[in-house]
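Visitor: Letter by letter, the chains look like this.
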Amino acid sequence: MKSVMVYCEVENQIVADISQELLSAGKRLAQKLGCPLDAMIFGSSLSGIESQIAPFGVDRLFVGNSMRLEPYSTLPHTALASKILKEEDPQIVLFGATSVGRDLAPRLASQLNCGLTADCTILDIGDHFVKKEKKEYKDLLYAIRPAFGGSIMANIINWDMHPQMATVREGVMKKDIFDEHYSTEVIEVDVNSILKEEDFVVKIIERHIQKSGVNLKEAPIIVAGGYGVGSKENFDHLIELAKLLGGEVGGSRAAVDAGYIEHDRQIGQTGTTVRPKLYIAAGISGAIQHTAGMQDASMIISINNDPDAPINKIADYVINGDVGVVVPKMIEFYKKNAK
Amino acid sequence: MRPLKIIVLAKQVPDTRHVGPDAMKPDGTVNRGKLSTVFNPDDLHALELALNIKDRVPGTTVTILTMGPQKAADIIREGYYRGVDNGIMISDRRFGGADTLATSYTLVQGIKKLAPYDLILGGRQAIDGDTAQVGPQCADKLQIPQVTYVEEILEINDTEIIARRRLEKGVETVSAPYPCLMTVHGSSPKCRSRHAKSVMKYKYARSKTELRSANEMLLSLHEKRQYLTIPEWSVEDIEADVTKIGLAGSPTKVKSVESIVLTAGEAKILTSSDTDIEGMIRELIEHHTIG
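In order, the protein sequences belong to chains A and B. Going letter by letter, the first sequence gives residues 1 to 339 in the numbering used here. Going letter by letter, the second sequence gives residues 340 to 630 in the numbering used here.
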């Protein structure tokens, strides 16, 4: 049966977090479909890379190993992926909704003349009846994503132009080790015979990649702390919660002044203005200077000891309690209930 | 250096950044009539980048190309007000319902009519879908290289263009030959404002369809000043294959939508008890607020 395929990102011999999440999600889909899970990875010095990939339950791994494949560049990666997808003809292909995945996947979709759903947050398998054709299509990919600025969730399907491709946001899918001792067949891709000189016309001159960048503006979820968080240690809980939810940590001016958090994470009139899907305000009273920078959040949760804190007036959920108690509980119950 | 020929791809989009409570119908579908339309923000950044190159390289021309319904003539006028040389609409009911694959096919048919060109610029993504797919898909169909997420043009000469890309965790500088396609990131400079002179010159610019309901004054003005008439390309004009456009040419289809707009109301007041916190987390997961 046709496989589920995952495109893995790699840098300096480390498989990216997003790719590990995708492999886990891909395995869950493959199990529902009763089909194999395949993966492809292109980079430099990749011998032994399968040890990071096999535990996710990958049946076959296509490895393109060449100095010229790292760092990522559009045309060579497109050429290799396109060749493999045309030959292997998988039913589903997954990419990270990252700078790399969002650059590569659409170019591939155009080449393969197939559908691509961007930034999915849920993947599932299901059927669809096409009225026009009076035909039931079985086992399609349900690519579910927020649309219209996050105001709706749309279930996108593609029954006739395969493969069914999707990109998935980082931090959305749960990472799951399938079997530590899973045996993966490694297939070396003959890079030199596939790539042509014209695949290298775009040249990378310089690169500066930070280990972790602060990108509050684009974060869908922000966990922000104020002076009421009380200590740098309590702030660590906020960082953990943000990471777990795939969001970023921010702070009020008071929290920055108290040294709880770096200046580049300040939210408010004198900091960054944000419009996330979810804003969790922990120990923030809600001075106008702060609320001006976050009041457009789609949903606001306020955690505060003071039931009369001004921020509670604009919140959707008000939790009267101690940040040090509430946030660890949120972490616990998220872990317990998340799919 | 030699002048360049630049094409800017721009889209008119519903203003999803200001979705009010009435933007959703009770059945959970989008009430497009209640959303105002805007020039897609990233495309305005692309327009600025094009105009900036035009400032730097004398003789460069900028053509703005948009696909959309009649109302999208606003995009062309806006382009003229800010300094483009030409504007063209691709407009035909049969293009409606297109996903990114059908859209890129359609745009590319238009671009081919405008060839030769040196540079194609578009916004990184449009706010009505946030897919960021149409740029790379056009580049593929034109068989030219792409440079995505461009923040600044660092150098431009006769043979190549050097740009800084904004990646999620850093920046990258690349050089690309002509012709190529670039998608422009929102961290690049904002678009310049309208020139009063250009507004005076082009405020009566109208598409052919708009002219059908125009008065005598406007019609005679368009006869005298033909540059005011915005060309409108149909399926036939761009020699498009009808099986590759609109809904028929779109592999991805919407099976269902679910509204997740929660009407603003009274806040839920909770305590720090396990029951309250777990209940809230479950609600958030159920409403897809958290994954």
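A couple of the hints might just be wrong.
Unchecked claim - Listed next, the in silico SDA-like pairs over lysine to any residue satisfying Cα-Cα at most 20 Å (straight line):
1) B:Lys594 <-> A:Met299
2) A:Lys335 <-> B:Asp615
3) B:Lys607 <-> A:Glu136
Unchecked claim - Covered stretches of chain B, going by a simulated chain A footprint (3 or more residues, C-beta under 8 Å):
4) 411 to 418
5) 509 to 519
6) 616 to 627
What the hints contain is simulated information worked out from the structure, not anything from laboratory work. Glycine included, every Cβ here is placed at the ideal spot set by N, Cα and C.
Visitor: If you check each hint against the structure, which ones fail?
Guide: Result: hints 1, 3 and 4 break, sorted rising.
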